[in-house]
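In the order they appear, the protein sequences are chains A and B. For what it's worth, our numbering labels the leading residue of the first sequence as 1, then goes sequentially. For what it's worth, our numbering labels the leading residue of the second sequence as 239, then goes sequentially.
Note that these hints are calculated values from the structure, not bench results. One or more of the hints may lead you astray.
[To be verified] Computed spacing ranges between beta-carbons, pair by pair:
{"no.": "1", "chain 1": "A", "residue 1": "K12", "chain 2": "B", "residue 2": "A250", "range": "58 to 68 Å"}
{"no.": "2", "chain 1": "A", "residue 1": "P179", "chain 2": "B", "residue 2": "R301", "range": "29 to 39 Å"}
{"no.": "3", "chain 1": "A", "residue 1": "C85", "chain 2": "B", "residue 2": "A403", "range": "52 to 62 Å"}
{"no.": "4", "chain 1": "A", "residue 1": "I209", "chain 2": "B", "residue 2": "A403", "range": "36 to 46 Å"}
[As the list claims (entries may be wrong)] Keeping only pairs whose Cα atoms sit at most 20 Å apart, straight-line, the calculated SDA-like set for lysine to any residue is:
{"no.": "5", "chain 1": "B", "residue 1": "K399", "chain 2": "A", "residue 2": "A182"}
{"no.": "6", "chain 1": "A", "residue 1": "K206", "chain 2": "B", "residue 2": "L344"}
{"no.": "7", "chain 1": "B", "residue 1": "K420", "chain 2": "B", "residue 2": "E374"}
In this text, a Cβ means the ideal position worked out from N, Cα and C, and glycines have one as well.
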Amino acid sequence: MSDAVDYGAIGKSGLWTNNPALVQLLGLCPLLAVTGTVVNAMGLGLATLLVVTSSNIIVSLIRKGVSDAVRLPAFVMIIAALTTCIELLMRAFTYELYTILGIFIPLIVTNCAILGRADAFASKNSVLPSAADGLTMGLGFMLVLLAVGAIRELLGNGTLFDGMHLLFGEGARDWVWRPFPAYPGFLVAVLPPGAFIVTGFLIALKNSIDTRLKQREAARQTKPVKGSKRVRTTGNIS
Amino acid sequence: MLRVTSPHTHSARSTGQLMRLVVFATLPGVVAMTLAFGWGSLFNVALASVSAMVFEAAIMRLRGRPALFYLRDCSALVTGVLLGLALPPYCPWWLVVTGSGVSIILAKQLYGGMGYNPFNPAMVGYVVLLISFPVEMTQWAAPASVLPESQSLVGLAEGLKQIFAGVPVDGYTGATPLDVLKQNSGQTMAGLYNSDPTLQAGMLAGAGWEWVNIGFLLGGLFLLYQRVFTWHAPVAMLTALGLTSALFYSSGSDSLGSPIFHLLSGATMFGAFFILTDPVSSAVSTRGRLVYGALIGILLFVMRGWSNYPDAVAFAVLLANFAAPFIDYYTLPRTYGHQKARRATEKEEH
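In isolation and in its complexed conformation, chain A is listed as follows:
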């Protein structure tokens, strides 16, 4: 293992180039199911972020003591234990949100993005890079959840940050923002089809940004062909 760990690359991979939700398309079940509002998305995103970071750390710590044959069950046990901790914490501090998210909190165990990171990264790397990887992957996942949640809440209910007191206490109750008070609500956005459509558009947006960037990079790197001569122009060039 070389000493120089490129944390920038790890961060870029988790947040953009290898984003769990937009590129790997992992963890789609919670992504599609609970992103009806920003607060739901943030609750599940934070829980997933905590689980993936701590599971990466623990898996990385024990990576030399676990044989290849039993690694997957061992990882799943670790993730399940951590998810149970998060579930109990949420039940203690954000009970209402816990009841809203319901089955999707325990289902974090089955989120393939988490097991994928444990197997693909944490079991091969030391603690600090693994923690960084878990953190950025979790953040990347949470940001997509938040984006989908915000778009669906805005389109479907005409509100933003509704019900944030479920997560941040009573003081956050009036964070709710209504850009158009008379907005009738495009109900399909909060229904399951809306989740698929919004996620699809986000993936398309990411791909088109990538294509643009690649084109710009290619244009920047093309060097003038050696020996080519510029056409001589006379007169005015407008």
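Knowing the structure of chain A, use the given hints to seat chain B on it.
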């Protein structure tokens, strides 16, 4: 660039001519709707067609294709006209524009445009609106012959105010015959026909509605005569709907409606001749179209009878669109010279 679009069939008519013929064929139905409900449907059709063509042109520009060439095949126009006819008269303008946007952008262009859409675009737009805006989508105008003596159909000024400014017009809505049947609490069929004003004023299936359906039937027969489509899907659907409603018919208080009632109410004829016959999203073989039409007829009756929605042509058509490739797989015709039909998944014999 080669400027042709699918379907690549050899025919005396171009796609544009065919589509314009379909638009003309809606005329009897449009006239019947205007006579029954006032100018609201005409306005819906106009707004939906214009916005559908604008969306089509915008997407074509985004895709870097010649917009005018694709507008000339009139498929966006047909989608707009069909959606406009399906929407309730005097509904707010944004409802119509949202619907045609969903139809053209989501249901048609995102799947690859003309010839590639697995679902009927107009029906996707309608269903998205129905589940998103149930209040606006279930207020249908009452037919002219049912309105009280002092009241006439919605005037131009007040209608426009409702459409654009949201100032509601008083008492222009009424329960459609299908609503009445759905909300029937304990009346026999004969009782319903005697008590409900719409059914009372009509001959067979409610004033206005029966004529709208007869209008679309006439337009459909014209298209059939012009050989725009084959008879299989519409006839199979109407037969299946008639047979199932006859099978489950009772005149008592739990009645699900008589065959003639089902055939002449709601969107039955409109669906049978203008939606089912969409060449892109329906089954393609002759036997396949029979199965496809029958499936829609049965689904339509089941949903009218036992679901929460009074009419369900759009849902039935979308479900059958899902099934169309599957139906095609099992109803492939035998090619001349072969012993049996060869399916796409079977290996070629040498």
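Tested hints:
The beta-carbon spacing between K12/A and A250/B, approximately 59 Å, falls within the hinted interval of 58 to 68 Å. For P179/A and R301/B, the hinted distance range of 29 to 39 Å is satisfied, since their beta carbons lie about 31 Å from each other. Checked against the hint of 52 to 62 Å, the pair C85/A and A403/B passes, with Cβ atoms roughly 56 Å apart. Checked against the hint of 36 to 46 Å, the C-beta distance between I209/A and A403/B comes to roughly 40 Å, which is consistent with it.
Pair hint K399/B plus A182/A holds up; C-alpha atoms about 17 Å apart against a cutoff of 20 Å. Restraint check: the Cα-Cα separation between K206/A and L344/B comes to about 18 Å, which is no more than 20 Å; the hinted pair holds. Straight-line distance between C-alpha atoms of K420/B and E374/B comes to about 19 Å, which keeps the hinted pair within the 20 Å bound.
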